[in-house]
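> Each chain, letter by letter, is given below.
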Amino acid sequence: MNLRIEALAEVTYVIPEGRLDFDAAPAFQEAIERVLGGAGKPPAVVIDGAALEYVSSAGLRAVLLAARAAQRAGISFALCALQPAVREVFDLSGFSRIIAVHPDRASALAQAQPGRT
Amino acid sequence: MDHSSVSSRARAAWAGLTLPAAVTPVRQVAGLVAAKVRAFARLLVEGDGPYARAFENLILALIVFSVASIGVDSIPGLPERVLQALRACEIVIVAIFTFEYLLRIVAATNGFAFIFSYQGMIDLLAVAPFYLGGFDARWLRALRLLRLLRVLKLQTHVLERVVEERTRELADKNAALEKAQAQLKAELEVARSLQLAILPAAFPARPGCQGAARMIPATTMGGDFYDFIELPDGQIGLVIADVSGHGVPAAFFMAVARTNLRELAVRHTDPGECLAQTNDTLCAQNPLDLFVTVFYCILDPRTGMLRYANGGHNPPYVRRAAGPIVSLDGAGGLVLGAMPGVRFPTHTAQLLRGDQLVLYTDGVTEAFNAAQELYGAQRLVDEVHVHGSGTPAALVERICQSVTHFAGAAPQSDDITLTVLTWGAP
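Protein chains in written order, with the numbering used here: chain A, 8 to 124; chain B, 260 to 685.
Check each hint, because a few of them may be wrong.
Listed next, the stretches of chain A that the computed footprint assigns to chain B, with coverage defined by at least 3 CB atoms under 8 Å from CB atoms of chain B [claimed, not checked]:
| hint | segment |
| --- | --- |
| 1 | 61 to 73 |
| 2 | 101 to 115 |
Covered by chain A, according to a simulated footprint, are these stretches of chain B (three or more residues, beta-carbon under 8 Å) [as the list claims (entries may be wrong)]:
| hint | segment |
| --- | --- |
| 3 | 488 to 496 |
| 4 | 579 to 586 |
These are computed hints drawn from the structure, not numbers from a lab.
Quick reminder that beta carbons are idealized off the backbone N, C-alpha and C, glycines included.
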């Protein structure tokens, strides 16, 4: 998995590319911690899943931990632009019911509210 | 001090002989003095103590200085003042070297042996030209360079000894580490066999019901599990589950989840209620924030009635004896352990004679091959479709083979777990 971070004024995008699995989960968690604990605290964090091809159960756990950490920090957290296969994993596991999932960046940004996860 | 006492002191100091038991008080005192002098000499020229090191460094510096001064000395036309200073230095240096030479003789266990040793000869040659004086033997002073070599050689010896010691220490540590690792590995093996041992070996015997299951862990410790639970009213509970991640934490969580579910299944005959209770229990004892996907169903073996609830798990398939394959995809709830207070709807499905229920974990459908392709649900459905008419054990075996064949040389990244149940088989 590769990971890019795009810090804009109103939102910080975390963009994982490839597979978010057992091996990639620690790097993902570390990146999220860096974003959430960074100097300029972002008002919202959105995981852009456009290039995310696969999420394993360990990857789901990493996303769940990220959502919880964001909630604790009072930062809005959401997912967007998930590929169909990944979206299915979030639906199946029930995660899309406790973590906001948006079709694209625009709607994620529109609905980003501080504290909402 | 009389003559004999001086000579005996010298003997003792030079040849390393100890004085015979005190013959006279004077000899006694002389012996004591000799011992003190030798201890002082040893302090300065032997061993690795701070005094010895400082003294050695002083000698080293003097050697370098003295050799350099020979070079300066040979420059023609130097002012008389410089030459005088050099001569004064030479006298001091020779005095210190001589002092050192005497110390070494005194410190040596066998003084004579030292004098005639290679080291002793070099040390003597370093000062002898000065005392011979009569003829110009200044060039002989260059021999002091040999002393430098000697000291350096000594230091190399010390260095080699240090390296040797460190190497040995490292080897010892490595051996200890290897031992610890072997022990850890052995303990993991035991844990693994314990884990596999809590998976049921056989399906509960019921007329007309056949079941088979298999779990192939990805690492030494898996997070998947399946279970057959004999319920009090003669019904059978079937569980298939997948804990997030793998390794020891996942295995522990698996054991906790399985035990809780098994206990609660006996008290809660509604699958959804049983999952809700299990979820709340797991949330209360989940320090690592792990979670587990669980599909739980209760089969009435007499009627073929199936009641099920799903906690974030892949929906199982039912292969109808008549042909079609359907998915038990009634709306499910969240994975267990992620959030307390979640509800899990219970759904029902009616099995007909010869129908086959196929439970699996994503280790099957999400097996990758070397080209990074997914095995996928369609391949599983095809296998079930083609080979489902045989016994459950044969189908489990067939699917496992198909997955391992597909994955080829690619490493197995997730546990592979399958449970197949045939109801009302002839």
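> So, for every hint listed, does it hold in this structure?
Evaluation of the provided hints:
no., hint, result
1, 61 to 73, "holds (count 8)"
2, 101 to 115, "holds (count 4)"
3, 488 to 496, "violated (count 0)"
4, 579 to 586, "violated (count 0)"
Checked against the numbered hints given earlier, this structure breaks hints 3 and 4; the rest are met.
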